[in-house]
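Build out the structure end to end from the sequences listed, making use of the hints.
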Amino acid sequence: MVQMEINKRPFEAQEGETILDVVRRAGITVPTLCHIEGLTPTGACRVCVVEVEGMPGLVPSCSYPVAQGMKIYTHSPRAIRARKTIIELLLADHPDDCLYCVRNNRCDLQGLAADLGVRTQHYGGEKSAYREDVSSPAIIRDPNKCILCGKCVRVCEEIQGVSAIDFIGRGSRAHIGTAFDEGLNVSSCVNCGQCILVCPTGALSERSYVKEVLEALNNPDLTVVVSHAPSVSVTLGEEFGLPAGTDVDGIMCAALRQIGCDYVFDTAFTADLTIMEEGSELVHRIKNGGALPMLTSCSPGWIKFVEEFYPDLLDNLSTCKSPQQMMGAVIKSFFAERMGLDPKRIFSVSIMPCTAKKFEAARPEMMHEGETPDVDAVLTTRELARLFRMRGMDLKTMEPETADTPFGERTTAGKIFGASGGVMEAAIRSAYMLITGEELGDLNVKAVRGLEGRKEARLNINGLDVGVAVVSGLGNAAKLLDEIRAGRNDLHFVEVMTCPGGCIAGGGQPLDTDLTSVQARLRALYQLDETETKRTSHSNEWVQRLYREYLGAPLGEKSHHLLHTHYAKREVLL
Amino acid sequence: MTTETLEKPDINAILERHPDAGRDALIPLLQEVQEAFGFLSRESVVAIGRHLGLPASKIYGVATFYNQFRFQPLGRYHVQVCRGTACHVKGSFNVLTALKQALKVEAGQTTRDGLFSLEVVACLGACGLAPVITVNGEFFAGVTPAKVDKIIRDFRKEAEAS
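Chains as they are written, first to last, in the working numbering: chain A, 1 to 574; chain B, 1 to 162.
Certain hints may be false.
To be verified - No more than 27 angstroms apart at the CA atoms, straight line, and that leaves these computed lysine-lysine pairs for DSSO-like:
1) Lys211(A) - Lys396(A)
2) Lys100(B) - Lys90(B)
3) Lys479(A) - Lys396(A)
4) Lys127(A) - Lys104(B)
5) Lys127(A) - Lys100(B)
6) Lys150(B) - Lys90(B)
What the hints assert, rightly or not - Per label pair, the in silico range of CB-to-CB distance:
7) Ala161(B) - Glu365(A): 52 to 60 angstroms
8) Glu571(A) - Pro73(B): 19 to 27 angstroms
9) Arg25(A) - Pro73(B): 53 to 61 angstroms
To be verified - Calculated from the model, a selection of chain A residues having no Cβ within reach of chain B, i.e. all distances over 12 angstroms:
10) Pro137
11) Pro220
12) Arg257
13) Asn316
14) Thr436
No wet-lab data here; the hints were simulated from the structure.
Glycine included, every Cβ here is placed at the ideal spot set by N, Cα and C.
What follows is the structure, given as structure tokens:
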């Protein structure tokens, strides 16, 4: 225990805690632009400086450990003046185009300038002039708006183990860039968008497809079919001031119809369909000596990660397309045929928690009959909120509606796909049925739930000993893959989600995503699972009908053609 | 000339000389590779990254921090512009601008035809001749923007003639 004083009040702290940790615990807000909870502090932005009695200079509270007898002044005139000067200097090399910026009103730099009362420009001079990187189908980088806090670099390296970007150059020419300053599209970037979530300014944003969707909605020749991912209904509300974890499923359906979508489907339906295919594939692999462990293939950031970093394990990836792409495929085939629509006149939109889904939708493997994409546009949760606001949708007063048939029915097994461990739990529920012909007694597989980076379990299904693992965050995935490469062979099935915690913490989710909101979203999904009655993918009646009327059987010829694919080694600068 | 310098440099041979190198060996390794190849190619950077367990972005970041590393092969004529104090006072900034315009490259780059590479150096130790540039080690004294055009023209002619 360390005794200290914060703003003349006595306070106790643990040895090794940083000043920032303690000050925050004391209920005082010291601003920072570069701090990420749980990651290496760098002290890059200096905005968190505080005055410590007896120290000649101000100290960065995020990276300075507390000491016995320390007397800290968090908001002394000197500290505040320093913070204000730092913001003024950052603004001196920042475009003055807040009104036109994607982060207007959601920008940490803008917020701090307002909080600190920056009202005049004290510093002028030449501003940096970088080219925007618009090469990626998922993420836009504008280095002119970058304040070099380095959060994107740390998330990319420490959480995702990708390191697509780093600090390039020196001094006034320093900027964030890829190897050889190439476009993101040819870098090792997996499009996960975690960098966008941590970016304090508008330097990183998703590539927006709102305009394309609006044009489709205004085009009378097109039938607009929209499908929303399992996690979106428990996060969208936050964009409209509802508490984290509020499920707005029905209201979102109503709002999507109001803005002109012709059909509203639920991607959890194809999550159920994925389970039928993937569960069957797993059983097939176990019985026929296929490549094990089988790795899930729902998360497109993860797919690109395997293509780049672990091409030797591509055979282990499930051949199942992701729920988004299965939805696109059945919309442009079964649905189009059934409704007598020309697939080319269907505009299919996905609402996703994810920026990598934009990349996935544009992959050459994901074209309908090699011509048009199965999914024409992908909107993140944030973009959908923007679209709703633009069209004056008031989520707080709307009456809920249900999704359309045939792809609107879902079970909670498909719904929990939104959280890390959800795919695994849904798969176990149905694989048990596939192997034994009976329902699993207790459907709750709690060992694979929660936000930990890795969860493992051993199951006994009719005498068959099955090892499963669930990892989220690509850094965690890489550690497990290294074990598998080194010969670990006790696992049969591994679920991998690119983003830590799964889609509820995806790179396309609301910007205020933090541990508290992610926990609330997680609870919301399992709350639905606890209260609803249909909890297994194989009990989804429309999934069964789809097999009866169109697909035949899981892993059948039609399924193989529409719902499965293969990936190949990808050459990028690693 | 020894036989070793006649052979094409081999990145793997260089890396094999440092089997236990860790990330702290990055800069000496970059120097050694540049010494052998004249520049740091993408292939070299990737190979070094694989050897040291470092991502290419990080290596590029470190290498761009220092002026000494280049990412394009040297031109047939390597032009060094002195930007030291004496040369600066005598107008080397305008000389550099004139060179960039004449060659249509930035400092650190090589012209597309591979003829000229441009490099800025801190001091060539010939302050009495300021402003000074060198081309393949040959000194040019009291350079002006007008002289730059002539120097470049002459070397172009020389290259065409051969």
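Here is how each hint holds up against the structure:
1. Between Lys211(A) and Lys396(A) the CA atoms are separated by roughly 25 angstroms; this keeps the pair inside 27 angstroms, and the hint holds.
2. For the given pair, Lys100(B) sits about 18 angstroms from Lys90(B) by alpha-carbon distance, which is consistent with the 27 angstroms threshold.
3. Between the alpha carbons of Lys479(A) and Lys396(A) the distance comes to roughly 44 angstroms, so the proposed pair goes past 27 angstroms and is violated.
4. A hinted pair counts as satisfied when its Cα atoms are at most 27 angstroms apart, and Lys127(A) with Lys104(B) qualifies at roughly 23 angstroms.
5. Restraint check for Lys127(A) and Lys100(B): satisfied, since their Cα atoms lie roughly 22 angstroms apart, inside the 27 angstroms limit.
6. Taking the CA atoms of Lys150(B) and Lys90(B), the gap is about 19 angstroms. The hint holds against a cut of 27 angstroms.
7. Separated by about 55 angstroms at the C-beta atoms, Ala161(B) and Glu365(A) satisfy the suggested range of 52 to 60 angstroms.
8. A C-beta distance of roughly 22 angstroms is found between Glu571(A) and Pro73(B), which places it inside the suggested range of 19 to 27 angstroms.
9. Separated by about 57 angstroms at the C-beta atoms, Arg25(A) and Pro73(B) satisfy the suggested range of 53 to 61 angstroms.
10. A cut-off of 12 angstroms between C-beta atoms confirms that Pro137(A) is not in contact with chain B; the least separation is 20 angstroms.
11. No beta-carbon of chain B is positioned within 12 angstroms of the beta-carbon of Pro220(A); the least distance is around 47 angstroms.
12. Once the 12 angstroms rule is applied to beta carbons, Arg257(A) is consistent with being away from chain B; the minimum gap is 45 angstroms.
13. For Asn316(A), the shortest C-beta to C-beta distance to chain B comes to about 22 angstroms, beyond the 12 angstroms cut-off, and the non-interface label holds.
14. Chain B leaves Thr436(A) outside its interface by the beta-carbon criterion, the shortest separation being 46 angstroms against a cut-off of 12 angstroms.
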